[in-house]
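**Q** Numbered according to mature numbering (1 follows the signal peptide of the UniProt record, and there is no 0), the sequence shown spans residues -19 to -1, 1 to 756.
Some hints could be false.
[To be verified] In the EDC-like style, the derived pairs of lysine to aspartate or glutamate whose C-alpha atoms are separated by at most 20 Å in a straight line are:
{"hint": "1", "residue 1": "K226", "residue 2": "D188"}
{"hint": "2", "residue 1": "K293", "residue 2": "D166"}
{"hint": "3", "residue 1": "K157", "residue 2": "D684"}
{"hint": "4", "residue 1": "K216", "residue 2": "D100"}
{"hint": "5", "residue 1": "K718", "residue 2": "D100"}
{"hint": "6", "residue 1": "K390", "residue 2": "D356"}
{"hint": "7", "residue 1": "K638", "residue 2": "D651"}
{"hint": "8", "residue 1": "K216", "residue 2": "D102"}
{"hint": "9", "residue 1": "K631", "residue 2": "D680"}
{"hint": "10", "residue 1": "K542", "residue 2": "D465"}
{"hint": "11", "residue 1": "K444", "residue 2": "E428"}
{"hint": "12", "residue 1": "K718", "residue 2": "D136"}
{"hint": "13", "residue 1": "K444", "residue 2": "E480"}
{"hint": "14", "residue 1": "K629", "residue 2": "D680"}
{"hint": "15", "residue 1": "K390", "residue 2": "E480"}
{"hint": "16", "residue 1": "K629", "residue 2": "D651"}
{"hint": "17", "residue 1": "K542", "residue 2": "E428"}
{"hint": "18", "residue 1": "K293", "residue 2": "D356"}
{"hint": "19", "residue 1": "K295", "residue 2": "D329"}
{"hint": "20", "residue 1": "K713", "residue 2": "D356"}
{"hint": "21", "residue 1": "K293", "residue 2": "E202"}
{"hint": "22", "residue 1": "K681", "residue 2": "D651"}
{"hint": "23", "residue 1": "K390", "residue 2": "D89"}
{"hint": "24", "residue 1": "K293", "residue 2": "D329"}
{"hint": "25", "residue 1": "K211", "residue 2": "D292"}
{"hint": "26", "residue 1": "K713", "residue 2": "D699"}
{"hint": "27", "residue 1": "K444", "residue 2": "D489"}
It is worth saying that the hints were derived from the structure and are not from the lab.
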Amino acid sequence: MLLPLLLLLFSGSASTPQATKCPSVATVDSTATADRLLTAGELARAGRSNVWDALSLLDPSILLSDRALQGGRTLYVPQAMSVGDVSRWATGSRQPHALVMVDGQRADVATLRQLGLADIDHIRVVHDPLRLASYGLNGADGVVEVVTRKHTLGDIQVSYLLDTGLDFANRQTYGKAARGSSATDWLRLPLQTGFRHRHQVNVSGGDRYVGYLFSATLQPESRGVMVGSKEGISKLRSFVSYAHKQLRLQNDIAFSQSFDRQSPYGAFADLARIAPSTSPHDASGALAPTIAVDNRQVPNPVYEASLGSFDKSKYTSLTDRFGFRLDLNGHFMLQGDFNYLRTMARRDIFLSPNSAHFAANADMRARGTYHILRDNHTRYEGGASLSYRQSNAVGQLHASAGVRFFDGKATGETYGGRGILSDRMSYVSFTQAYDTLRSPSASRAFERTLQGFVALDYLFRHKYRLTLITNVNHSSLLPSRHRDAAYYGAAFHWDVAREGWMRGSIFDRLALRFSMGTTGVVPFTDRYFSASYRNDIHNEYIYNYYQIGARLQGMPNEDLKPTRLSSCQMTVDIAIRGFLVRLDLFHKRTSDLLVYARLPYYEGFSHQPDNGGTLSNTGYLLSLSKSLGRTDNLQATLRFASSLYINKVKALPDYFKTNFYTPALSALLDRHVFANSLGLDSRLGRYTCALTLHGLMTDKTPDHTAAEGTVRRIGRLDLRTLQVGYDLGAVKHWFHKADLTVTAENLLSWRSRRLPAGIHYPEVRSVVASVHVVF
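Model the full structure from these sequences, guided by the hints.
**A** Below, the structure written as structure tokens:
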């Protein structure tokens, strides 16, 4: 995240803040890289409900591995997301997850939950090995860069955006509804029509010296498709920029808060396991506390929903991003940024004393529990760089060097009590004692990373470009013996269309690019390379005393190295009379993965963490677009995106393979993924229309309702979005501009086999009406 982050805030001029981009290394133009740049308009046409769904639809390389688990939640944020398929197995404490940057700052779940389509200017999905190398220890799982909207030039402008939607549960993957007068449709019992509405007001304006944007967003308590489920969000943002001669400053402060409440019916997939012949009522007509499922008695979901139990969460975040840019003279430029992030997450879980979970406990002091889970993050990050630019008739030279730091602390705690007399006393202070079945716990983690880089970019005769970068990392995430890690990247770009012998050809653009680079990720925490202990009573009573002490939690390995990703990629970029083609061919190799190695018996432990194993990822990325017609009243564009990933495990240590390489660990490895999307965008006068289809074929998709590690071969085709809009234009004395858009999402779906999706929360079909008014 070196130079791309340092240049992120000020890559555009002060007079064109909306043009601010996330440049590649050494400010290479975006058309010269293999990255995928998606504008706010493209994202909006792909769906209005969720940013990540729209992103994965437009760029099939984005794989949301946990979407089937989480279902159709409005505030869905991926917990398992990869760019270009998975690059490592999920051993250790750090699961594979792409790095998400928002305006050059690392973002976490609390920040991403409050990110809406109206806040985004564009998103860049980083595929280029050269740019991945610039992220050092954080690039191997993939990188997604989000750039938010800034101010607009001119007089003060007030805009209002309303998104209101209806959500309907989609039970297609669970089969047909139960039939018969005595049958109970358990999947229908917890369902309702969801309703949500989101309001956003922006005040923006500015000139060549001062710019500003003030924004307020409110999504009141929204009703989900499961009874009792709710979500909400509120956010305030202030962005101010100032320019004077060669100095440019800007500051962006945002405060946001979101909440959600789970349905008391529990996981949606659990209801599918109940036989239709099972009634939720007993012989007297009252709700039965338990019902029979798979020949055993389990709590009745309908009865549990009638109690006062709840599971609710609250996320709060405060961010402050400051940046500066100073043009020293015609050739040198100094720029930097400083970012602060504070997040707080809290989850409260109350289980009523009348719950069937406590049926075996006659003592009221053992009935009813209340648990609290807290997670807090504080982060400081920033950096500075000095760049030099020189150009003449022959070529352009751009060199830069800089440093970047990250200082983060994360704390977490869980505790709870047991013994609550009634639902009216649903708080932890009313419990009788600590819950001895779930011991209190606390955690604390630190990261301090210092990165330095040197980058060189040379453009010769506007046709040949060579870019080099070296990145050195010094981090507390690594063992003291190997605290440093270095990565590199190189790229060569050839603009073939500028050659003299190409004059008069049919090509408007023809370019070739070859890039290669290395990047890394740290899949372990400090307890894997440093000694950590835990209390050990050991239940030994000797000489009238219990033997109390401590013991090692495991044998650390001070020679651990971060996982390394080496990749190379060739890009072909073609434009012929409105027909655009971009093809990327790539090969990736992941080495030094986290495994476990056998230890001699005298060590006292059977194994310790180690490095080993090799993965490969080979495939292509293809994007096509064709302008079908372009007149004053009619415009139409056909777009197609495709990706193929062939994932193979090349090497696997024998001891690790025999003892740890379980089906659950290998569920997303050694597989093929073929994903495609087809869209049509059109405009006729003031009317607009957009249509998007999405297809996916893979030989390994996890079956979350079967035994752990079970995978299935599946193909699917979805009509993901159908959107119709109308431009109201200007109405005198009322507003300068207004438009109305209606979007239907997830309308139709075909699957080659029935594989349940929407495990915790059902999948949904949505209809969203949006109104945007500029006063």
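**Q** Work down the list of hints and note, for each, if the structure agrees.
**A** Hint by hint, here is what the structure shows:
Pair hint K226 plus D188 holds up; C-alpha atoms about 14 Å apart against a cutoff of 20 Å. For the hint linking K293 to D166, the alpha-carbon distance of about 27 Å lies beyond 20 Å, and the restraint is violated. This hinted pair checks out: K157 and D684 have alpha carbons roughly 19 Å apart, not beyond 20 Å. With a C-alpha separation of about 11 Å, the suggested pair K216 and D100 falls inside the 20 Å cut-off, and the hint holds.
For the proposed pair K718 and D100, the alpha carbon gap of about 19 Å is at most 20 Å, so the pair holds. A threshold of 20 Å between alpha carbons decides the hint, and for K390 with D356 the separation of about 11 Å falls inside it, so the pair holds. Of the supplied pair hints, the one linking K638 and D651 holds, its CA atoms being roughly 14 Å apart against a limit of 20 Å. This hinted pair checks out: K216 and D102 have alpha carbons roughly 17 Å apart, not beyond 20 Å.
As the CA atoms of K631 and D680 are separated by approximately 18 Å, the hinted pair is consistent with the 20 Å bound. Under the criterion of a C-alpha separation no larger than 20 Å, the hint pairing K542 with D465 is consistent with the structure, at around 10 Å. Proposed proximity of K444 and E428 is contradicted: the alpha carbons are some 43 Å apart, above 20 Å. With a C-alpha separation of about 15 Å, the suggested pairing of K718 with D136 holds against the 20 Å cut-off.
For the hint pairing K444 with E480, the CA-to-CA distance comes to about 8 Å; that is within 20 Å, so the pair holds. Restraint check for K629 and D680: the C-alpha separation of about 13 Å stays at or below 20 Å, so the hint holds. A hinted pair counts as satisfied when its Cα atoms are at most 20 Å apart, and K390 with E480 does not qualify at roughly 53 Å. This hinted pair checks out: K629 and D651 have alpha carbons roughly 4 Å apart, not beyond 20 Å.
Distance check on the hinted pair: K542 and E428 sit about 16 Å apart at the alpha-carbon level, within 20 Å; holds. Restraint check for K293 and D356: the C-alpha separation of about 14 Å stays at or below 20 Å, so the hint holds. Restraint check: the Cα-Cα separation between K295 and D329 comes to about 9 Å, which is no more than 20 Å; the hinted pair holds. The hinted pair formed by K713 and D356 fails the criterion: a straight-line CA distance of about 51 Å is larger than 20 Å.
A hinted pair counts as satisfied when its Cα atoms are at most 20 Å apart, and K293 with E202 qualifies at roughly 13 Å. Of the pairs offered as hints, the one joining K681 and D651 holds, with about 8 Å between alpha carbons and a cut-off of 20 Å not exceeded. A C-alpha spacing of about 13 Å is found between K390 and D89, which places the hinted pair at or below 20 Å, so the restraint holds. Among the hinted pairs, K293 with D329 is consistent with the structure: their alpha-carbon atoms are about 5 Å apart, no more than 20 Å.
For the hint linking K211 to D292, the alpha-carbon distance of about 11 Å falls within 20 Å, and the restraint holds. A C-alpha spacing of about 42 Å is found between K713 and D699, which places the hinted pair above 20 Å, so the restraint is violated. At roughly 14 Å between alpha-carbon atoms, K444 and D489 fall within 20 Å of each other, so this suggested pair holds.
The structure shown violates the earlier hints numbered 2, 11, 15, 20, 26.
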